[in-house]
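As they're listed, the protein sequences go chains D and X. Counting the first sequence from 1 gives a position; this note's numbering is that position plus 2. Counting the second sequence from 1 gives a position; this note's numbering is that position plus 17.
Some hints here could point you the wrong way.
EDC-like cross-link-like pairs, simulated, lysine to aspartate or glutamate; straight-line CA separation at most 16 Å [stated by the list, open to error]:
{"no.": "1", "chain 1": "X", "residue 1": "K365", "chain 2": "D", "residue 2": "D48"}
{"no.": "2", "chain 1": "X", "residue 1": "K365", "chain 2": "D", "residue 2": "E69"}
{"no.": "3", "chain 1": "X", "residue 1": "K365", "chain 2": "D", "residue 2": "E72"}
{"no.": "4", "chain 1": "D", "residue 1": "K22", "chain 2": "X", "residue 2": "E375"}
{"no.": "5", "chain 1": "D", "residue 1": "K28", "chain 2": "X", "residue 2": "E375"}
Because the hints were derived from the structure by calculation, they are not lab data.
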Amino acid sequence: MDIKILLVDDESDFVETMAKRFGIRKMPIDTARSGQEALELLAAQDYDVVILDVRMPGMDGLETLREIREKNPLTEVIMLTGHASLEAGMQGMNLGAYDYILKPADFDELLDKVRTAFERKELNAKSRKQGG
Amino acid sequence: MLERSGYTKLRVKMILTTLGFSLIPLLILGYTIYRQFEISHTNKILQNLNHITENKRRTLDLFLNERLSQLTAIAYTHRLQYFLEPETFERVFTLLQARSKYYIDLGIIDHNGDHVVYTGPYQTIRTANYKDEEWFQQVQAKGIYISDVFMGRRNYPHFIIAVMRREGDKSWILRATIDSDIFDSLVQSDQLGANGDAFLLNAENILQSKPRFGPRLLGKMDLGAFSRFPGVRSEMIEVGGKQYLFGLAWLENKNWLLAIRDDPTEELMPLKRTRHLVWVILAGGLLLIAGGTVLTSTTIIAQLVRSEREKATLNASLTQSSKMASLGKMAAGVAHEVNNPLAIIKEKAGWMRDLLSEEDLKASPNFKEYEDAITKIEYHVTRAKDVTHRLLGFARRMDPIHEDIDINQVLNQTITFLENEARYRAIEIHTAFQKDLPFVASDSAQLQQVFLNIIDNAIDAIGKDGGITIRTQAVHDPDEVIISITDTGPGISAEKLDKIFDPFFTTKKVGEGTGLGLTISFSIIQKLGGKINVESQEGQGATFIISLPLRKA
């Protein structure tokens, strides 16, 4: 089961390290450094799960989330909040994010959330197919 | 808040202003009424006095006029020859006396001043010659003459009335002597009151009638010099060091001044009484107004002090809240800035751990060291994360739920968490709960966190051996439940008391406390609508007092 994951964060060190850690677990991920870049990638191909930082320069996480929900409604989004007022996370949930996780996050916890998000995405896709 | 002296000043100002505004009209009113009464009363007295004076003057003038007319009539009805018969003259005199008993004697003096005929008790003056007497000259010149009262040859106070008649080229004078006592009875009367007086004065201020008080007849009564004036006049004149009111009038027939003296003390008695009454009313009014003013100002100042105090308390709590709010914002900012690097450190360490699991590295002689280092890094990142997450927890907005909770039960639950720790440190936890404590609409989980923080702090403060006393009590107005937690620890110094609720303020060792426990407690209690306070003195333990409203406002 290959999960197509996109990690969006403006911190290069963070993104690179995460990519390596996912990579070593045989889960290659794509990365983007801004909301804009993420939307471009999403337009080019489908992703199952997007891990999205809330606070980024330019287009911030919540804005990006809104766009994603509009254009790729099946894609599940996990909000990553470093500054993380819970409010931002909650707001994200209201906008349709799958879950949120506080930075610094536990990697295993993040992995779990990615997996369950993927499961839900699959479920949604199936029901849509059946319904459609 | 105003100083105490400021309140005193304000109070004095209020009292003075009120007194001024109420007393000035009162005084003006009192004075005006008294003044009006005085004027009308004085007018009445003067009118009365003038009336008496005028009446008496008329009576006196009438008396003198009658005497003059009688004598003139006698002199002009018969010739001198007729009177020279002693019996005839005697008869005329008897006739006169029948009409007026005050005639003493009657005589006729010829143009040489010789007494030609006389009838009366003083036979010694029969042969007297009056040629050189002043009155003789006067009567020769004017035709009639009324003398002042004098003792004269008869050595008895009397006065004379003389009428001259010309008969051919000769003239003769009919002279009557009149007892001056008549004036006493004419002048005096009951109208004058107990201390009033009346008398006649000649031009030289010699008394012509007997006054009731003061000098005797023919004594001097100095009222000052009055030139003749028509009608009646009233004057205040000092006699014997006392002021008297006099009614004065000159007689028409004689150069005599009629003086009626009014007793001022008697006449002015109603005025005095009025003045007395006015003073009593004024004093009563003053006392009433002053009392009322003092009472009112005391009430107002007390009210002011109370509201100032309430305002100060409110200000203090507002200051504390805004401090908390800005500190919350700052804490959130710091937490964010720290969280991102922490996340990177954590992931780098995680990556290193991932790499360590590879076979060839496990063979490295330093493998154990690497693993230890990574574990430590991860441990301390977690520790730092705890701090930042607590900070965020403090900063985030909580929406407390409101359920009916029994504070005593929440406290008991909290105590069970800490019992073991306390027992281990030989600290006894006493409870003095009010039975049937009313339910409080609040959030039990959050309250438990607060109680836990405070009791945990108390245990830490005591260290070993001591006691913690927890009390609950319901109070009214406002309806609140008061929870106090007292420890026997070392107490808190005054400067630390000020900062005790500030974030990151801690007295614990590094790593043992975050300095956020009381900060979070404060913001929880505040959000629940309650208040939290500390009372402590160094060396005497500390008491945390939490008051919670029964219902959130």
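Problem - Hint check, failures only - result: Hints 1, 2 and 3 are the ones this structure does not satisfy, whereas the remaining hints hold.
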